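Q: Sequence:
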Amino acid sequence: WGCAGIALALGGSGLAASPVARMGSEEQKAEFRALLKGDDAHGHVRIAAMALSEPGTGSDISGLKTTARPDGAYFLLRGSKQWITNGQSASAYVVWAQTEPDAGRAGVRAFLVGRDTPGLVPGKKETKLGIRASETAQVHFEDVRVHKDMMLGGAHTGPGPAGGLADTKKMLDSTRPAVGAQAVGIARAAYEHLLDRVRGSSLHGTPMASHQHIMFELADMHMEIAASRLLVHRAAWMADHHLDNVADASAAKAHAARTAQLVTSRAMVLLGEEALEPGHPVEKWYRDAKIYDIFEGTGQIQRRIISRHLTGQNPT
279 WGCAGIALAL GGSGLAASPV ARMGSEEQKA EFRALLKGDD AHGHVRIAAM
329 ALSEPGTGSD ISGLKTTARP DGAYFLLRGS KQWITNGQSA SAYVVWAQTE
379 PDAGRAGVRA FLVGRDTPGL VPGKKETKLG IRASETAQVH FEDVRVHKDM
429 MLGGAHTGPG PAGGLADTKK MLDSTRPAVG AQAVGIARAA YEHLLDRVRG
479 SSLHGTPMAS HQHIMFELAD MHMEIAASRL LVHRAAWMAD HHLDNVADAS
529 AAKAHAARTA QLVTSRAMVL LGEEALEPGH PVEKWYRDAK IYDIFEGTGQ
579 IQRRIISRHL TGQNPT
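Sequential numbering of the sequence shown, starting at 279, is according to my numbering.
Please note: incorrect hints may appear among the correct ones.
[What the hints assert, rightly or not] Simulated crosslink set (DSS-like; lysine-lysine; CA at most 30 angstroms straight-line):
no. : residue 1 : residue 2
1   : K402      : K447
2   : K447      : K307
3   : K315      : K568
Don't read these hints as lab results, they were simulated from the structure. Because the structure is a prediction, the values reported are computed rather than measured.
Sequences are here, hints too, so could you generate the full structure?
A: In structure tokens form, the structure reads like this:
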């Protein structure tokens, strides 16, 4: 109930599937499905990973250091990725790299890479504050040889707003509502746990529900969660209908992340010492909530996108 780590563990393959579905050819989609067919060598269900974030660049997609150097009919991928969901165990990776350093943003491309490709080396598993049920790891690419046919959108992508980084931005406009939905789930779980306690407990000999400051906290939580949920629904609906949702996706993700942190923090305060015990559900949700203001673009990045959109500037 409300476990963001499980949500990411189950949904991590969906993060990788999104760019394949949006940018991939029918042949690339078939290859992606083939890489995930059946169980792996350990008898586990095959999963996928979206390899975008890098050490030192964080959410700055245009600052990618991983390169894809042309080599005849192939590209050689070199670089490292960090904080990759399913990074150690994936059978298929969608990897972003810079194909033309002089082209800047327009040179950013995504590649579909199989786990067994020589030179692909999963790195160490990260120890994290929260979402511990979700595997997060480094992935290294040491001249990984990938056929040009595995460059997503390669046939139609080119410099300019229709390709390169723009394709990646459009993909994030689809995944950010999903991330926002997870943040809403964390907030809702903490809120409902607190609400159950308030309904059935007393404070200083009187029902908790008779204390106005507690009731006002619950009312504020209810309003923030409802607002976040509606923002997420709107952004997701727009993505499903292929509408421009760049500002809406950022608003949904940023607001839901803030709500998750607010609700879990206030629930910790209202429950007092009991919520500080390791293993307490609110303590876990409090730890899980923080990452939602960081990955898939920090809160500051989302506000930059929204403000540039509002003032008629290029949000990317």
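Q: For each hint given before, does the structure comply? Return the numbers of the non-compliant ones in rising order.
A: Hint 3 contradicted; others consistent.
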